[in-house]
Amino acid sequence: MLTLIDLVGLLPLLIVASTAVLVMLGVAWRRHHGGTAAVTVSGLALALASLPLASAAPSSPPLMIFDGLALMGSALVLVSGLFIAAMSHGYLAGYRGPREEFYLLLLCAVTGALGLVASNHLATLFISLELLSMPLYGMVAYSFRTERSLEAGIKYLILSAAATAFLLFGMALIYARTGHLELTALAAGVAGSPDPWILGGAALLLVGLGFKLSIIPFHQWTPDVYQGGLAPATTVLATVSKLAVFLVLLRLVLVAPVFGSGWLLGLISLLALLSMFGGNLLALFQPDLKRLLGYSSIAHMGYLLVVVIVGGPLALETTGVYLFTYIVATMGAFGVIMHVSGTGSGEDASGLHHYRGLFWHSPWLAALLTLSMLSLAGIPLTAGFFGKFYIIALGVEGSRWWLVGGIVIGSVIGLFYYLRVIVTLYLREPGMQQAVADAGRGRVEKLALLIVAVSILLLGIYPVPFIDWVAGLAWAARLL
Amino acid sequence: MELGFYLSGLVAVLATVGLISGSSPVHAVVYLIVSLIAVALVFFALGAPFAGALEIIVYAGAIMVLFVFVVMMLNLRPEAKRDPLWQRPGYWLGPSLLALVLLVALVALIGDGQAGMTIDGELITARDIGLTLFGPWLIVVELAAILLLAALVTASHVGRRNKPRGNRNRGGTR
Amino acid sequence: MILFWLILIPFLGGMLCWHSERWGEQAPRWIALATMLFVLAVSVVLWAGGDFSAYGTGERPWLLEWRVPWIPRFGIEIHLALDGLSLILIALTGFLGALAVLCSWKEIVERVGFFHLNLLFVLGGVVGVFLALDLLLFFLFWEVMLVPMYFLIALWGHSGSPGQTRIRAATRFFIYTQASGLLMLVAILALVFVHYTSSGEITFSYDALLNADVPDNLSFWIMLGFFIAFAVKLPVVPFHGWLPDAHAQAPTAGSVDLAGILLKTAAYGMLRFAIPLFPEQSQAFAPVAMALGVVGIIYGAVLACGQQDIKRLIAYASISHMGFVLIAVYSGSELAIQGAIVLMVAHAFSSAALFILSGQLFERIHTRDMRRMGGLWGRIPVLPGVTLFFLAASLGMPATANFLGEFMVLFGTFRSAPVVVVIASAGLVLGAIYSLLMMQRVHFGREQQPGLLAGPDVREYGMMLALIGLTLAVGLNPQPLLDTTASMVRPVADLFMAGPVRAGGMN
Amino acid sequence: MMMAATLLSFLLPLAGAIVLGFSGGRLGPRASAAIGVGSVGLAALATAWALLTFSGDSQGFTLWTWVSVGEFQPTMGVVVDRLSLVMMSIITGVGFLIHLFAVWYMVGDAGITRFYAWMNLFVFSMLVLVLADNLLLLFLGWEGVGLCSYGLIGYYYQNEANGRAAFKAFIVTRTGDVFLALGLFLIFVELGTLDIGLVLEQAPRVWAEGSVTANLAALLVLGGALGKSAQVPLHTWLPDAMAGPTPVSALIHAATMVTAGVYLIARLNGLFLLAPDVMWLVGIIGALSLLLAAFAALAQTDIKRVLAYSTMSQIGYMFLALGVGAFDAAIFHLMTHAFFKALLFLSAGAVIISCHHEQDLSRLGGLWRKLPVAYAGFLAGGASLVALPLVTAGFFSKDEILWQAMASGHYGLFAAGLTGAVLTGLYTVRLILGIFHGQPRSDHARHPRPGTSPLRHHLPLAILAVLSTFVGAWLYPGLEVVFPPRPDDATNAGHTLFQFLATGAVLAGLALAGWLFLARRRWLDAKVGRGLGARLWILFNRAWGFDALFDRTLVRPWQTLVRVLRFDFINLGMNLPAVIARLCNAGLVRSQDGQLRTYAKVMVFGATVILVGLVMTQGGGA
Amino acid sequence: MTGIPMEHGLILAVILFSLGLAGLMLRRSMLFVLMSLEVMLNAAALAFVVGSTAWNQPEGQAMFLLVITLAAAEASVGLALMIQLYQRFRSLELHEVSRMRG
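Residue numbers (our numbering), protein chains in the order written: chain H, 1 to 480; chain D, 1 to 174; chain R, 1 to 507; chain A, 1 to 622; chain S, 1 to 102.
For the record, the hints were derived by calculation from the structure and aren't laboratory data.
Source: prediction; values computed, not measured.
Quick reminder that beta carbons are idealized off the backbone N, C-alpha and C, glycines included.
Certain hints may be false.
To be verified - Covered stretches of chain H, as calculated for chain A (at least 3 residues, CB under 8 Å): (1) 12-18; (2) 102-114; (3) 164-176; (4) 199-209; (5) 453-464.
To be verified - Short, incomplete list of chain H residues facing chain S, as computed with Cβ under 10 Å: (6) Arg31; (7) His32; (8) Tyr137; (9) Arg145; (10) Gly228; (11) Pro313; (12) His353.
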């Protein structure tokens with residue numbers, strides 16, 4: 001049963017959920033874009049602010065767990081959500097049609113993600129995951145009158161539902177074997193030699209989660225949905241969804257020893273290698289920026305899987321650092337995309353040609369995009385370097401030389417297309433296509449972009465406070 | 001009881017086969033309803049009457065009505081000319097084989113891990129389930145509520161008819 | 001602290017250059033020039049005031065040292081230290097940086113501010129490489145210089161065919177170095193974790209890792225990781241593919257920096273890290289390294305002979321020259337290593353001069369294809385003579401620093417590896433062949449077009465005179481230079497020679 | 001005092017070179033000539049001063065230590081002894097005369113400043129070469145003269161052939177230099193020093209006579225000497241080097257630089273004495289070169305090429321002398337050769353300029369009346385070249401060589417020398433007759449413009465002519481004290497007989513030449529025109545086909561190699577990963593076909609593979 | 001009569017699941033695909049109920065409830081999207097939406 005203390009622990013989730021309700025009521029009462037955005041942003045900010053309070057409370061509501069991992073995940077989710085909400089306002093300004101629902105869906109998705117990172121039970125895991133995905137169908141297809149958005153929505157819905165079926169079936173198998181749905185109990189229940197049902201269930205679970213993480217071979221929706229979805233929706237996919245799902249996967253592996261079995265780890269290693277190579281190779285000549293980022297995310301999730309495989313004391317910390325650096329860079333890239341495009345002008349400005357010579361009329365945007373790309377590529381003095389540093393360190397520490405080799409080769413292949421994007425920004429040749437003009441967006445967007453840019457740099461130059469924070473959380477998570 | 005299980009199981013499988021191989025939307029919906037009701041009977045046979053009831057009410061009742069409604073709304077007819085691709089083995093052989101292999105693998109897997117447990121049909125009452133749901137699972141129920149809200153909003157937004165007539169045309173020509 | 005400023009000033013100057021574009025086109029140039037002259041001046045002052053005989057011992061291992069914690073979580077520090085070798089190379093960086101600014105004075109007319117930002121960032125990164133002692137910091141600077149260099153090549157490169165080739169060259173440069181850099185990162189991390197398992201202390205500190213106890217099977221691979229990173233940058237055949245393209249496409253300033261300084265970071269890295277960290281493995285690896293060096297000498301020279309593009313020719317020649325450096329570094333002889341340092345300095349001067357000259361030539365006749373040249377001796381005053389001087393330097397004419405470098409290398413190596421020296425000496429002849437072929441094709445023969453072309457102006461003349469003067473000065477009296485680096489080189493040579501013993505009990 | 005003089009002698013040309021080199025074309029031709037000639041003239045005076053103040057012992061001093069790393073401590077130091085003084089005198093003295101002549105020769109030439117700059121730099125380098133107290137500094141001079149030679153051969157840069165000749169000269173000599181360099185490495189590693197005095201001191205202690213290392217060291221040094229002195233097989237560059245202005249040929253390719261090899265071996269005599277096998281080889285190579293070159297000289301049509309082969313032949317004599325251990329004889333011949341060959345070249349230059357740059361024997365003739373000064377020069381020089389007994393300097397020096405060869409018991413070498421003497425007579429007579437006698441065979445020869453400037457034209461020729469006579473031989477100071485004892489010191493028996501023999505050979509050669517070229521001219525032409533004679537003529541004309549041989553065995557394979565490698569195959573190999581990546585990309589992108597069905601299939605396929613794998617690997621256990 | 005082995009229940013679920021999957025891969029009409037998805041979800045739900053009855057626990061059936069909720073939600077969104085698809089293309093063929101590729 002829920003106690004008051006538990007409610008304090010659930011505070012962020014509750015705040016976000018109530019904001020969603022508030023927004024819904026607001027829509028029913030009177031539509032107002034700016035107001036809705038403001039409510040959303042402040043709700044998310046409030047939730048973020050309540051995090052310290054929530055984490056301080058020794059709450060343990062049933063089916064949930066609030067440990068360092070959850071706290072880290074919540075923080076990352078809320079930060080991403082905040083950024084997306086802030087950026088959406090400008091992006092949706094030109095949208096013809098109701099705009100307020102988007103915020104509502106965003107809040108629902110964030111709620112789901114918050115639940116997901118804190119779930120300690122297959123039921124919460126499942127329902128949160130669906131709560132995260134369901135609004136995304138709507139968000140991706142939000143601008144359903146443009147063909148791409150509709151296409152992306154349909155593809156995502158169908159494939160995601162299929163993946164959910166796999167996930168559910170896996171859970172059912174595990175449940176059938178152990179009779180438990182609670183992770184800790186389940187872990188205790190399957191102690192001993194791995195059973196085929198458990199392994200099969202775990203494998204099916206991996207299919208379901210792997211789909212959300214776009215691990216090869218469950219990746220094929222990624223580029224299409226990235227490209228077709230509205231930029232803010234894609235950003236949610238790329239940040240909130242990825243990180244929440246990854247954290248829950250990590251929790252599964254850490255908690256349930258069955259995932260530590262050699263066979264599954266071997267399988268995950270194989271998938272990781274496939275994703276590293278495949279994602280990067282697919283992106284090589286991609287002319288569409290959003291699509292390219294989709295492929296790139298495949299590769300990044302491949303790198304990140306190393307954490308799951310190696311485990312150990314450093315794994316949690318690595319996860320936090322890598323996820324955050326990855327998310328910041330992704331936010332930077334999508335922030336620029338959102339800033340440059342807008343639904344008012346039809347489809348997003350996602351073709352690389354839209355960005356040709358961007359530097360020469362909006363240098364700051366180009367600088368941010370450059371930083372993001374460098375960060376994704378893992379070049380020093382950007383946040384991404386420390387992500388890569390951690391992940392390679394982890395691989396080396398675990399003596400997983402194949403994976404380390406994969407990361408190295410993958411990164412090298414990756415450089416090729418990141419550089420391609422970067423150099424495009426600076427080209428200036430006669431007769432080149434002028435990029436979409438930088439529509440005068442509000443101050444909030446600019447501030448958000450600035451914060452992202454500064455974070456990328458700051459994390460690249462002096463990551464110590466952040467690392468310490470993550471290390472502290474990881475330490476806390478290990479104690480629990 | 002066992003007989004009921006196997007019989008309704010068989011019906012469910014056959015109805016599903018009919019669903020995936022048929023060509024008429026209306027028939028397909030009916031097949032699906034049959035399949036769902038058969039599964040509901042399976043639930044009864046297994047000793048889960050509450051689940052069975054819900055299966056009929058929610059699934060066969062509500063969801064399927066939605067399907068029927070859409071089929072009617074769009075005035076869908078059986079695909080007049082059968083898809084020529086359908087005749088080509090290249091088209092269906094691969095997926096079917098894939099599904100078959102998956103099936104075999106899963107069956108083998110289930111066969112491998114003999115749990116040795118049998119279902120004796122002991123009843124789990126609605127009360128037990130309710131106590132679970134509104135006890136420790138309360139938060140899950142709340143999340144499910146939000147999920148439904150999200151689905152509602154999505155469906156209402158996406159299902160919106162194109163406002164001006166010309167809008168669709170413009171979209172079509174673009 | 002002064003070390004920190006040495007690194008920071010170029011970066012700050014770079015930002016200022018970008019900003020100053022709005023003050024006028026000349027402003028970035030002057031600022032960049034002032035920045036580089038500042039670096040040069042600081043290093044000269046340090047050099048003049050330094051006592052180079054006293055450091056290198058346990059009491060005072062470095063001439064100047066500065067360390068503050070950076071990422072305590074991993075024992076990473078901002079640990080900067082200066083010894084003779086660093087000082088020489090930093091002075092070189094300042095000097096060539098100033099030259100790079102000067103030689104692009106008229107060549108670069110677009111996006112001047114951003115150009116100088118990149119230029120100064122490269123140089124700042126290079127200074128960082130020469131100063132960083134913490135392994136991660138070193139790696140960081142090693143990578144940092146790539147991005148601006150990429151921009152220099154990709155944005156201001158010579159657009160041979162429409163646009164794409166220079167981007168391809170830049171990308172290739174970046175990917176080669178980045179790939180090898182990642183290998184180095186893996187090696188560094190492996191070293192750190194091995195040290196961590198044995199000592200329980202996680203640190204990236206040079207001093208600590210020098211004494212790391214690495215299992216034999218692993219240490220060879222770690223050493224190889226370092227070696228490959230440096231080998232790509234040096235470059236050693238077969239990792240040289242990026243160099244000709246990068247040189248051919250880069251703007252003059254980029255080529256000057258690439259050949260003059262960036263290649264030297266590799267040799268520096270070998271001397272500072274690869275060998276001291278792994279003396280035994282390096283010694284075991286020496287035959288391979290020397291063989292690669294010899295292959296590089298011959299192969300680079302042969303390819304240089306076949307080039308039509310002046311800058312490609314010089315680039316391949318660089319590969320050949322760096323082969324000598326590689327041999328020297330792995331000979332473990334003090335004389336050879338000192339020779340390698342002289343050769344590095346000399347090569348910096350001569351190749352920079354040749355690139356600047358080819359840039360000047362390009363400004364005048366708008367081609368770098370030697371098939372479209374010929375008979376220029378009569379058409380351009382002074383420059384052909386200067387070209388001949390630097391070609392002579394490049395082929396190892398005595399009295400130039402290049403000669404001294406090459407010969408010290410060969411003298412030093414002969415004792416331990418006479419066969420290598422014999423083959424490498426063939427490089428002396430081949431060097432003559434490609435150098436004179438270039439002279440032949442460019443300046444000798446019939447004039448392809450009549451008419452006198454402009455001679456060098458004061459700026460160009462000044463650069464050339466300075467380079468000639470320095471080349472001769474180092475060639476005739478290298479002792480001040482050698483004294484500066486002696487305290488650094490001797491321990492390295494000793495370590496190398498005493499390699500097998502060290503494992504036993506020296507530490 | 002003496003050191004100041006020495007310093008001046010080589011710093012003055014250096015100063016001249018620097019001033020001329022950095023003037024950037026701002027100096028006029030007059031000023032350039034004044035600086036160029038003046039600096040060498042002053043250097044000659046300084047040398048004279050040094051000669052006067054020379055005490056008889058070798059004196060050395062160090063300017064600064066060049067490099068000091070461990071044992072490796074070459075200095076910037078000079079040492080003056082009799083040998084270097086002789087060399088200095090030749091270089092500055094003959095050099096000055098040639099410079100002076102060049103003022104006349106080069107008048108009106110564009111780029112005159114460059115010419116003098118190179119010439120001065122050459123004089124400086126050559127002086128460094130002979131004065132250096134250590135082998136590294138010697139090498140500096142050694143390479144320096146090579147570079148100057150390159151610059152001067154290619155002086156007329158507009159002609160592709162000149163460029164090629166310069167290139168060839170540099171590369172071939174450089175090949176020799178590499179051997180020398182290797183020799184230096186070996187010497188340094190073995191003896192721990194590069195100081196010449198110390199090397200000569202250390203060598204006998206470290207190496208036993210005839211030891212492999214000693215032989216190897218001597219052999220490597222010999223390699224360098226062969227290249228620079230144009231001896232077989234590294235001689236092919238010298239005839240081509242005649243592309244340079246004639247004063248250059250006189251100074252560099254006759255009087256000084258090409259004899260540097262002789263100087264080097266003489267200087268390192270102690271080393272060579274430890275390597276008797278190499279000494280023997282030196283003699284053989286000398287004999288071979290002198291014969292090959294003499295035959296080749298017989299069949300040249302270009303005046304300067306005749307002289308070039310003649311030079312090679314005479315240096316062959318010097319090598320022969322070195323080979324039999326008669327170092328001072330070699331140096332003696334070096335000196336006299338410098339005089340008479342410079343004279344011959346300058347005279348040839350006078351002819352060439354007078355005849356409007358005509359230097360083909362078959363297009364000259366009958367000039368003796370019109371160009372009396374040049375004719376006189378040719379006669380004096382030619383006489384000395386063929387070693388006309390008693391009156392010429394060449395006679396004394398060559399006689400010395402042949403006598404030493406015989407006295408040391410090298411009869412084969414002696415015979416070769418005698419044969420060479422006969423051949424020398426033949427080609428010299430052919431040359432002089434061809435230029436000055438008979439009918440003029442072209443308009444250029446019919447209307448020459450004789451040289452008129454007494455100071456710049458007549459004076460150098462006159463002085464050199466005088467020096468080519470027995471006067472030149474008197475100047476020789478005698479270097480017995482510098483070198484180890486000569487083989488003939490024990491006995492003088494048979495010297496008179498020998499002198500008759502030598503004189504006989506010379507006279508026979510002359511007589512044969514006179515008979516052939518005057519009396520039997522037509523017969524000779526007919527013989528040469530076809531059959532065996534023609535083939536021989538071609539063989540000699542092409543100097544035994546060495547060029548063709550090298551072309552086929554070295555140059556062409558090299559060019560093929562360069563052409564094949566131009567595309568950098570190793571690099572192409574390194575591109576393989578990129579190609580693979582591209583192919584993978586193409587394949588993978590195709591899978592991303594936009595069809596939902598495909599996506600579903602791939603996903604299910606992945607899941608199926610995983611499950612099948614699970615059943616296969618784990619199924620049996622449970 | 002000792003009851004139904006749990007494996008049999010699961011195998012029934014597996015069969016239904018595979019059939020749904022086959023339908024998903026085979027059919028080109030979005031309507032059929034959505035129905036196949038319903039079958040798959042239903043199969044998973046069946047598996048939960050089988051587990052629940054075997055262990056005699058209510059939790060599995062609570063999961064079943066959640067699955068139905070999801071199925072309903074997904075059906076509504078899917079049908080809404082399908083209507084848009086139909087409005088745009090006058091067809092339910094999924095291959096219409098394959099503009100994005102590569």
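Structure-based check of all given hints:
no.	hint	result
1	12-18	violated (count 0)
2	102-114	violated (count 0)
3	164-176	violated (count 1)
4	199-209	holds (count 6)
5	453-464	violated (count 0)
6	Arg31	violated (20 Å)
7	His32	violated (25 Å)
8	Tyr137	holds (5 Å)
9	Arg145	holds (8 Å)
10	Gly228	holds (6 Å)
11	Pro313	violated (34 Å)
12	His353	violated (15 Å)
Checked against the numbered hints above, the structure violates hints 1, 2, 3, 5, 6, 7, 11, 12; every other hint is satisfied.
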